[in-house]
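Novice: Sequence:
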Amino acid sequence: MVDANNPQLPSDHVIIVQPSDYQTEVKNISPRNPSSQPHMPKPQSKVPLVLFVLTCLSTFIVGGLSHNPFVPVPAQFAELYRYIQEIGWETFAFRGFCYAGPVMLILLSHEMGHYLQSRRYGIPATHPIFIPMPMSPFGTMGAVILQRGGIANRKQMFDIAVSGPLAGLVFAIPFAYWGTLNSTISTTSHLAGSYSYGEPLILKWMITLVHGPLAENQEVVLNPMLFAGWVGIFITALNLLPIGQLDGGHILYMLIGKKANFVARLFLITAIIYMTYNQEFGYSLLILLLVFFGITHPPTADDSVPLGTTRIIIGWLTLAFFVIGFTVTPIIFH
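For the sequence shown, the residue numbers in UniProt numbering are 1 to 334.
Rather than coming from a laboratory, the hints here were simulated on the basis of the structure.
Worth double-checking, as some hints may not be accurate.
Each pair of labels, with its calculated beta carbon distance range [unchecked claim]:
hint, residue 1, residue 2, range
1, T329, D303, 36 to 42 angstroms
2, L54, V170, 23 to 29 angstroms
3, K204, T91, 25 to 31 angstroms
Quick reminder that beta carbons are idealized off the backbone N, C-alpha and C, glycines included.
Required output: the full structure, derived from the provided sequences and hints.
Specialist: In structure tokens form, the structure reads like this:
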């Protein structure tokens, strides 16, 4: 996500601080008047590279294991060596590469979309900083870049915000479809302690297109490529929540101005009511983080700059992806 106001940060995948939850962001580390503030501190040059390598490793390990939703994750990691021996090192490596490569490309594309637009407009920003998390279903908590806030005007901030999700989807959707083409159908038989993944509308459409309607006792068995596409779609949808410093919050503010803050509050209240009524609290941490870091959007350097018809259309279409990409229950425990 792009955070143009808060010093720190939540998936789907993601975050999110990726969740949230697996989510990506561009953080602000200075007030709006850059001329009176010190230069933005930058992380040591080796830190992003080291974290990138560690995240590649963590997603590689997870890709070799947790793409199989019918095996409990704790059991997988507790008996990692025995499990690898059973499936074979070549199989483990193949699965790991087939997941880690696509998911890292999706996350990197998302962040580079923000980064390159920042550079285009001369707004200081760091390189993407990845967050490894091997003991998780996704292998990462996403990535962040640090950016000075209060410099970009309305049009510039729109371009920075919208470029991340669009760049990520350029890879996430093809990976998801390719994974669906190579997926198999199985009669569900979940082990106690295992989990499966909820299907967003766009993935349901892909499954129906490739496999036709499924019976109630049938499920698509995830392969590493499909898993990577799922994570990419999930993370993108999370970032398109129309709240505060998420990409969706930025885009909506650029489209409708201060009215976006009312929408953000209404959306958050509705989400809390839904979670309480249905006793589903999977997004509790994400909501707490959003509240802590602010659900309203600050003004840009110049809110009066027009977007133009093309940007307005792109903005609404990008926000609409939330409807088909979001999963209310991303992980279903059995």
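Novice: For each hint, tell me whether it holds in the structure or not.
Specialist: Hint check:
no., hint, in the structure
1, T329 x D303: 36 to 42 angstroms, "holds (37 angstroms)"
2, L54 x V170: 23 to 29 angstroms, "holds (25 angstroms)"
3, K204 x T91: 25 to 31 angstroms, "holds (29 angstroms)"
When each numbered hint is compared with the structure, no violation occurs for any of them.
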